[in-house]
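Novice: Listed here are the chains, written in short residue letters.
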Amino acid sequence: MADAKVIPFDDDRSRGGAVQRPQRRRGAAGRRKSGENAPVREVQPLPGVGPTQDDEPVHHEQQPPLPKDDGGLERRVASGLNFLRRRLTGDYDVDDFGYDEELTDQVLMSLLRPLYEKYFRVEVKGIGNIPKEGGALIVANHSGTLPLDGLMMQVAVHDHHPAGRHLRLLAADLVFVLPVVNELARKLGHTLACAEDAERLLGQGELVGVMPEGFKGIGKPFSERYKLQRFGRGGFVSTALRKGAPIIPCSIVGAEEIYPMIGNAKTLARVLGFPYFPLTPTFPWLGPLGAVPLPTKWTIQFGEPILTDGYPPEAAEDPMLMFNLTDQVREQIQHTLYKLLVQRRSVFF
Amino acid sequence: MGKVVLVTGVARQLGGRFVRRIQRDPQVDRVIAVDAVPPAHHLGGADFIQADIRQPTIARVLAETSADTVVHMDVTAMALGSGSRTTVKETNVIGTMQLLGACQKSPTVKRLVVKSSTNVYGSAPRDPAVFTETTPAKSLPSGGFAKDAVEVEGYVRGFARRRPDVAVCVLRFANILGPTADTPLAAYFSLPVLPTVFGYDPRLQFAHEDDVIEVLRLASHDPVRGTLNSGTFNIAGDGVLLLSQCSRRLGRPTVPLLLPAVTWAGSMVRTLGVTDFSPEQIRLLTHGRVVATDQMRETLGFRPKYTTAETFADFARSKGPGLLPPETLAGAVDRIAALSQRGSGHPPTPSAN
Chain A
1 MADAKVIPFD DDRSRGGAVQ RPQRRRGAAG RRKSGENAPV REVQPLPGVG PTQDDEPVHH
61 EQQPPLPKDD GGLERRVASG LNFLRRRLTG DYDVDDFGYD EELTDQVLMS LLRPLYEKYF
121 RVEVKGIGNI PKEGGALIVA NHSGTLPLDG LMMQVAVHDH HPAGRHLRLL AADLVFVLPV
181 VNELARKLGH TLACAEDAER LLGQGELVGV MPEGFKGIGK PFSERYKLQR FGRGGFVSTA
241 LRKGAPIIPC SIVGAEEIYP MIGNAKTLAR VLGFPYFPLT PTFPWLGPLG AVPLPTKWTI
301 QFGEPILTDG YPPEAAEDPM LMFNLTDQVR EQIQHTLYKL LVQRRSVFF
Chain B
1 MGKVVLVTGV ARQLGGRFVR RIQRDPQVDR VIAVDAVPPA HHLGGADFIQ ADIRQPTIAR
61 VLAETSADTV VHMDVTAMAL GSGSRTTVKE TNVIGTMQLL GACQKSPTVK RLVVKSSTNV
121 YGSAPRDPAV FTETTPAKSL PSGGFAKDAV EVEGYVRGFA RRRPDVAVCV LRFANILGPT
181 ADTPLAAYFS LPVLPTVFGY DPRLQFAHED DVIEVLRLAS HDPVRGTLNS GTFNIAGDGV
241 LLLSQCSRRL GRPTVPLLLP AVTWAGSMVR TLGVTDFSPE QIRLLTHGRV VATDQMRETL
301 GFRPKYTTAE TFADFARSKG PGLLPPETLA GAVDRIAALS QRGSGHPPTP SAN
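Chains as they are written, first to last, in UniProt numbering: chain A, 1 to 349; chain B, 1 to 353.
Looking at chain A on its own, in the form it has when it is part of the complex (with noise of 0.2 Å):
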């Protein structure tokens, strides 16, 4: 009790805090030297003594703070466990696709935002050009050997939109055969980049994020840097020809350089049914070591939305059109890459 005395001095709030420090040690301590009868009563008091018996001042003098600044923190211990108590008991809803809401909102984009404010250091240009509303695909380049680039992309739409709109990705279908990798997938709002998905999610007013230069972009070797690929057979610009929702390109800069593929082990590759086998400087010559990305700075820009509702409807059956709007559209990407790297200063700031 030689500790309680002393404290008093300071304001209410530590000193709650401190008549209960002692009680605790004090309750320790006589477990420790004698043994039974000590616990007993030492146990008794702490939940009896708060809300009943003879410590009316000090429950006073507990109670003042709790709204002033323990209301969040109490708060955020009361959300927590109920979203404990949902998750438990299985009482939440995901959708058609599995977008787990409520998973993604509070777990898996809190795990995301470090590394995308912290490490990558993202900055977003552009969000403006993301309707507030309906469908939209969104078109970015893919590249940085493992997809990061989507997820970082799916955390600056979900942070900075000010409509707070969630962003779908269309997925390749290796994600949906690796164990985990699909059931995280699934649970971010992640689907199979195949038509009928995309038109399904679209017409759900959704917006759809795509990158269509799939492995080819992402499996780059690194002296090929921020030269967009093939954007596939353009199915992506059908599909939204066939919604009329406007296409939004996208334009990321930093995650070519966070693993600079220097090698494709092709065998290697071949046997484990990768598209590719990255070697990069440190990987796999480091082991795990190795996988660690290069702290780069990142730059995601939204371009202009290109939109496809003028269009008549017989025009997503038409391969000239098609081929037109799918080079506009990977133009104005590489535009603005290049124009994105003129400004940066450095890979690394």
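Since the hints were derived computationally from the structure, they do not count as laboratory data. Please read all numbers here as calculations on a predicted model, not as lab measurements. Don't be surprised by glycine CBs; every beta carbon is placed ideally from N, CA and C. Among these hints, one or two may not hold up.
Just some of the chain B residues that point at chain A, by a computed CB distance under 10 Å [claimed, not checked]: (1) Asp127; (2) Gln205; (3) Gly239; (4) Leu258; (5) Leu259; (6) Thr286; (7) Ala292; (8) Pro321; (9) Leu323; (10) Glu327.
Once you've looked at the hints, dock chain B against the given chain A.
Specialist: Only chain B this time, still in chain A's reference frame:
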């Protein structure tokens, strides 16, 4: 003159319920219930005829009763009682062929309703997330009930081509659940501990038994104004449940196993004959399957009473609590919440300082 409805597969609970229900419809005069074995449950006032649909006798039954509506419910995944997989397959495929052959010969048949399953889509990681009636399966099911269903639907399409005057309705049901359902998935959810595939959380969709009966009735009668009840329709409750959600709501713990281990264990269990843990079911529990029900709503004009979650809740109620009842878990969390609230001044304050 009212209708004469012939129903196959009445020895099963679902068939029996349907027979009892459709008799109460005013436009139905007579219901003929057909199965190879006599049912354990009563069939109301229906005439039961013991006939094996794998035999040509079914043609005579059809001719003698001059049925005008045939509801084929004898397409099932699980054997009734102690039948083997071969019998089930024969009943599914040969039975359907015989029945369709009989229908083709019959001048009175005007309407055919076939109970199929969404198993025809298979389930693979490279499939779109949501199947519509026109989505072709990426990998055709190589065996088991799914292959039966695909073949049955093939024969039904052939029949529809040869008899364009007969209205044919194929209903692809998602996993049927309910208090009395005897589907493989219901058997799986009855296990005390659910083996799952590590790293996969499949999306599942359920159709409630009551809705199954209702939609079969809807398809057996003349279409309501503004709707069309011939064609192929997916039938499922609204919404999706993940397997993890199911196990938590059921209160049954899961044991995640690696995929090869699950396949191996499945084949072992099958050899022992404990439960029908078929490869297609393992695929379903790995990749899941979700179907679009827009056609069901817009064309068929059917609105299921139960959503997927409600269907599952009804099923869970009938199963009784598992090892980890959700109420207990919720209660435990509530107690922690109450503790932290009562001790709000105590432990958090020092740590906040």
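Novice: The structure should be examined with respect to each hint, and the outcome stated for every one.
Specialist: Now for the hints, and whether the structure bears them out:
no. : hint   : verdict
1   : Asp127 : holds (7 Å)
2   : Gln205 : holds (9 Å)
3   : Gly239 : holds (7 Å)
4   : Leu258 : holds (8 Å)
5   : Leu259 : holds (7 Å)
6   : Thr286 : holds (9 Å)
7   : Ala292 : holds (8 Å)
8   : Pro321 : violated (12 Å)
9   : Leu323 : violated (14 Å)
10  : Glu327 : holds (8 Å)
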